[in-house]
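**Q** So you can see what is in the structure, the chains are spelled out below.
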Amino acid sequence: MEIAIPKLEMKGITKTFPGVKALSNVSLRLFPGEVHALMGENGAGKSTLIKVLTGVYTKDEGTVTLDGRSVEVSTPLEAQNLGISTVYQEVNLCTNLSVVENIFIGHEIMKKGKIDWKEMNRRAEKLLTELNLDIDVSKTLGSYSVAIQQMVAIVRALNVQAKVLILDEPTSSLDLNEVRKLFSVIRKLKNDGLCIVFISHFLDQIYEITDRLTVLRNGEWIGEYKTESLPRYELISKMIGKEFNNSKSITDNLALTNKGDYETVLAAEQLSKTGKIQPFNLELRKGEIMGLAGLLGSGRSELARLLFGADKADSGTVRIKGKKVYLNSPKQAIANNIAFSSENRKSEGIISDLSIRENMILAVQGRKGWFNYISRKRQEEMVDEYIKLLNINPPNPEQLIKNLSGGNQQKVLLARWLLTNPDLLILDEPTRGIDIGAKAEIQKLMLSLSEEGMSIVFISAELEEILRTCSRISVLRDHKKVSELENREEIKQQDIMKEIAGGVG
Amino acid sequence: MLKSRLFWPILVLVIILAINLFVDPGFFKVEVKNGHLTGSLVDIVNRGAPLILISIGMTLVIATKGIDLGVGSVVAMSGAMAAMTIGQSMASDTSLTPLFIAIAAALGLSLAAGLWNGLLVSRIGIQPIVATLILMVAGRGIAQLITNGQITTIYYEPYSFIGGGYLLTIPFSVYLVAAVLAIALFMTKKTALGLFIQSVGSNPEASRLAGINSKNIILLVYVFSGFCAGVGGLILSSNVASADGNNAGLWFELDAILAVVIGGTSLMGGRFFLMGSVIGALIIQSLTTTIYSIGIPPETNLLVKAIVVIIVCLLQSSEFRQKVLRPRTRKPLKKEPENSSNEQEVKIS
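Residue numbers (the UniProt record's numbering), protein chains in the order written: chain U, 1 to 505; chain G, 1 to 349.
Please note: incorrect hints may appear among the correct ones.
[Stated by the list, open to error] Chain G side only, calculated, beta carbon under 10 Å to chain U, not exhaustive:
hint, residue
1, S199
2, L267
3, G270
[As the list claims (entries may be wrong)] In silico BS3-like pairs for lysine-lysine, Cα to Cα no more than 27 Å straight-line:
hint, chain 1, residue 1, chain 2, residue 2
4, U, K139, U, K181
5, U, K402, G, K305
6, G, K323, U, K402
7, G, K189, U, K276
8, U, K163, U, K126
9, U, K139, U, K111
10, U, K377, G, K189
11, G, K215, U, K331
12, G, K190, U, K312
13, U, K321, U, K331
14, G, K215, U, K276
15, G, K190, U, K402
16, U, K368, G, K323
17, U, K402, U, K346
18, U, K402, G, K65
19, U, K51, U, K190
20, U, K402, U, K286
21, U, K377, G, K190
22, U, K402, G, K189
23, G, K65, U, K346
24, U, K388, U, K377
25, G, K189, U, K331
26, U, K321, U, K444
27, U, K368, G, K65
28, G, K190, U, K331
Bear in mind the hints are in silico, worked out from the structure with no lab data behind them. Backbone N, C-alpha and C fix where the C-beta goes; we use that ideal spot for every residue, glycine too.
So here's chain G without its partners, still in its complex pose:
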């Protein structure tokens, strides 16, 4: 069943990668150089790591019928916090504080950001899109306050290991992604959390009456989303060895939402697919890579993504599918099974 869910996203990913093969016959070549695994595919995974992480967090938020627009800002905040605690020394072996404290401070701030979002949504009852919009705007301000409005370069060498280091020939960021994904999969498959998230997202009132503490579930997914964005921020700032309050993680929230939707999780909440989101994030990263590699001007990057977003949104609309797609082919209907329930509801009401 899982395989059929992932079929379409994987197909899209394969198509995008195949396009690259035409431009660059060596695209699929992966080799070990100086003990480092290198190649375009490795690059996509490595570069895509922050987005994959954020998409994992976003998946659980969207499964509760919510949305987290603050993740891009949290990426910037996390990087800024790490840069500040490490300090401005130009020497590559000097840090104000031990590395683990810098990491803890960055992740602590990210968790606090997630907690803030979660409290606004679950306790005060602000609509998720509005509640997280606050942090989307304010978070960049906070990040700039931390870095005094400067793009702060991080010279401390050990920090660059997070995003640029290799462990057993594999990029370290891949381990981070694998670890967070493993946590998410464990929590949602081996504990009842997955069931609770789906039930709260599908029918919050029925869940409350079944004795589920919906508020805490919702709080938790936002905190986890903040955590994922925080780890993403560490990787990103480590990779570029700087913290940029203005541009780090810019539009990541939209990319992450897109990744989740491509992965088969409906914005209506309920059923969610973590692996689908991971593939969705890889699709977006490949899309970006492809735009560069086949020589489309990079300025159009956002435009191409926007077009993909529009197509996905239209496919989610049952009205659109009925009007445009149904007369021609029924295949796309099978792709989005949750929409058949929408149609039923319309009939009944």
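Looking at chain U on its own, in the form it has when it is part of the complex:
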């Protein structure tokens, strides 16, 4: 394979957004007749790279060569004309149109100024039977399952003479049989010499279907590997961490949890939500920091959302300090002294039109209700205290939160919850996308809060961070809590990675 020349090569791709370097010197090589996985956690730069390739974004630097010829892809249409087609996670076809219309939309076959339905039907059937799909092309697309729709989307891509086919999370909404079917289609296309880029968070599928893979992390190119010769845990470590350097465990607060006679703050039993997270048990003692580790989509956020009532559980019970509670809404959770900071800072955290002050007091004021309006003077005292404590910049309470950096926004959100003085604080990726300095401050803050007796559930994609702060670690995989580990000196990132990866390491 290495002897062959790449069909498509992206070299030294750099893309900068205001304030963020999304891609820096990233490369991607695709050979004819291979399935190539693009791996990386959220924010690693996968979708940016794909968008550069398909002409949605314009690259700042770098070259793209197709069939040995340098090409400039500046619009999605140009990408299509070059034979680069994408099938997105959510099928973006028209479900109220027929299968054949969906395949040919924009590329209708014309005869004497009219659409040649006969020829289009014939061609559509031929393309579909080539992929062993026997469906009625005149029926509306919406009458078929998502899997079939996905394959129609692929057929549509093939119809425009695709040379490179990008499948972005194609399996996330498919069941096992549908995945089988999709894979047989992929294998067939591969044998026909197509280059296929496969993006998925399901490791099993990556190992089943892909030949080689490229790993990105934080917008940087980590490496290109043969899938079968890269052990799973090594892949994970390349995606989320540095090397297997000796983990730095925490010291003081570990001793605290080992005593065991501390009050149990949270006890969740058989809590579950269909399709999100399988039944799990979770216990948390006073002043303990529990880490939730797992890949994106493993169910770590889903678990946290159930504990806060952000999503309603289908089954199971939750006890707070021994008392059974019902967490049907965030409001109820807050009334039970639970706080939750979402991983989606922008869409579920900040109220962008409001000031630092208003954002900070929101949860406290929400618990007090309308008429117990905190006086302006008291508000300012509270806000000033936390601006100083968390070192928020700019230290102006009336500054709109949308004008703050990500790290400072995160601190304001932390302050919002700390002001409610919770017993249990759930932090979902509080350090994602913020600079190192702010990251360290937030970690330090968590440790001092736990010393004061606050229990914390901490979700992070960075194992190093979890090992530094958490006394226990729950590992999640495929919507299931698979294990729980005590954080001790001998625990290595490697061990956790093996748990996260599952299967044979």
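With chain U fixed as given, assemble chain G onto it according to the hints.
**A** Just chain G now, kept in the frame of chain U:
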């Protein structure tokens, strides 16, 4: 800060009033006749009272990223309800029921209408524009049912005080506006309601996760909007001494939306400006008065308003401003600060 927000609306208002001065040098003259304050300016405020009230209610609805198209119909329903409870007696001192019961019935119906809108939007989750469209159409039907499809004249003298009476030389409707405005200002500034409305309008999901009961906030603003329209309906029907299910409050919803937008509240929800809406309503009322006073045919009234609406909508579109306004001048950009955030979002996504 508030002053700078109100600067543009006030400027527009002053310009419109100044145009009148050219036509009628006595336009700004205000005098007390028979213990009544009179003059063109007093007329504008007095005539504009229903619209100002409705704009106040509409402001809070729009702040939650909603819209209430039903207010014009509620005006008609409120007037019809009052007319029916007062009865058809031609004598000026006879009413079927005491006046306060007629008022309570009219306002009760308006509150129920607001509750209906609020439930559709907050509990059933229908898009506000669709949900309130139902009442916009059905409300006029209800008003006509109440009045048996007739334009009902109200002869009862005390009723005319609401819209036409004077208290301490000032028109009584001004007191009503002041009272409702005071309630709205108190609720939004002295309680946490203003904060909650802004947060729900700006980011409903983040507000829910912060423990705000968004549904009740949304319900409340629609009920309040119904109430404001109800009071407006009382003033209007009292002023003309009749209830007209078909035409009372016709197009008020559009005027109110326009007033809110002129006042600086974005249709995207979030930050809202009650005083801005009041000035916006005054601008529209002055516009109507001006059209009459400078002798433009009244048929073009709607057209002129439509043109103002189009201009305001275009100014709200960041694409339009970039294409048309930016090359010439940057000033209009400062006028609409919320649009800069739209541009940011586009970049990020």
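**Q** Take the C-alpha atoms of K215 (chain G) and K276 (chain U), compute the straight-line distance between them, and say whether it is at most 27 Å.
**A** holds (25 Å)
**Q** Does K402 (chain U) pair with K346 (chain U) here, judged by a C-alpha cut-off of 27 Å?
**A** Holds. K402 (chain U) to K346 (chain U) sits at ~9 Å (cutoff 27 Å).
**Q** Between K215 (chain G) and K331 (chain U), does the CA-CA distance stay at or below 27 Å?
**A** holds (12 Å)
**Q** Sort out whether K305 (chain G) lies within 27 Å of K402 (chain U), counting only the CA atoms.
**A** violated (35 Å)
**Q** Are the Cα positions of K189 (chain G) and K276 (chain U) separated by 27 Å at most?
**A** The hint is violated at about 41 Å.
**Q** Do the alpha carbons of K388 (chain U) and K377 (chain U) lie within 27 Å of each other, as the hint requires?
**A** holds (17 Å)
**Q** If you draw a straight line from the CA of K163 (chain U) to the CA of K126 (chain U), is it 27 Å or shorter?
**A** holds (19 Å)
**Q** Please check whether S199 (chain G) passes as an interface residue: C-beta within 10 Å of a C-beta belonging to chain U.
**A** This hint holds: S199 (chain G) lies near chain U, its Cβ roughly 5 Å from the closest one there, short of 10 Å.
**Q** Run the distance test for K402 (chain U) versus K189 (chain G): straight-line Cα separation, threshold 27 Å.
**A** Holds, at roughly 23 Å.
**Q** Sort out whether K323 (chain G) lies within 27 Å of K368 (chain U), counting only the CA atoms.
**A** violated (47 Å)
**Q** If you draw a straight line from the CA of K377 (chain U) to the CA of K189 (chain G), is it 27 Å or shorter?
**A** holds (14 Å)
**Q** Is it true that the CA of K321 (chain U) sits at most 27 Å from the CA of K444 (chain U)?
**A** holds (26 Å)
Of the numbered hints stated above, those contradicted by the structure are hints 2, 5, 7, 12, 16 and 20, listed in ascending order.
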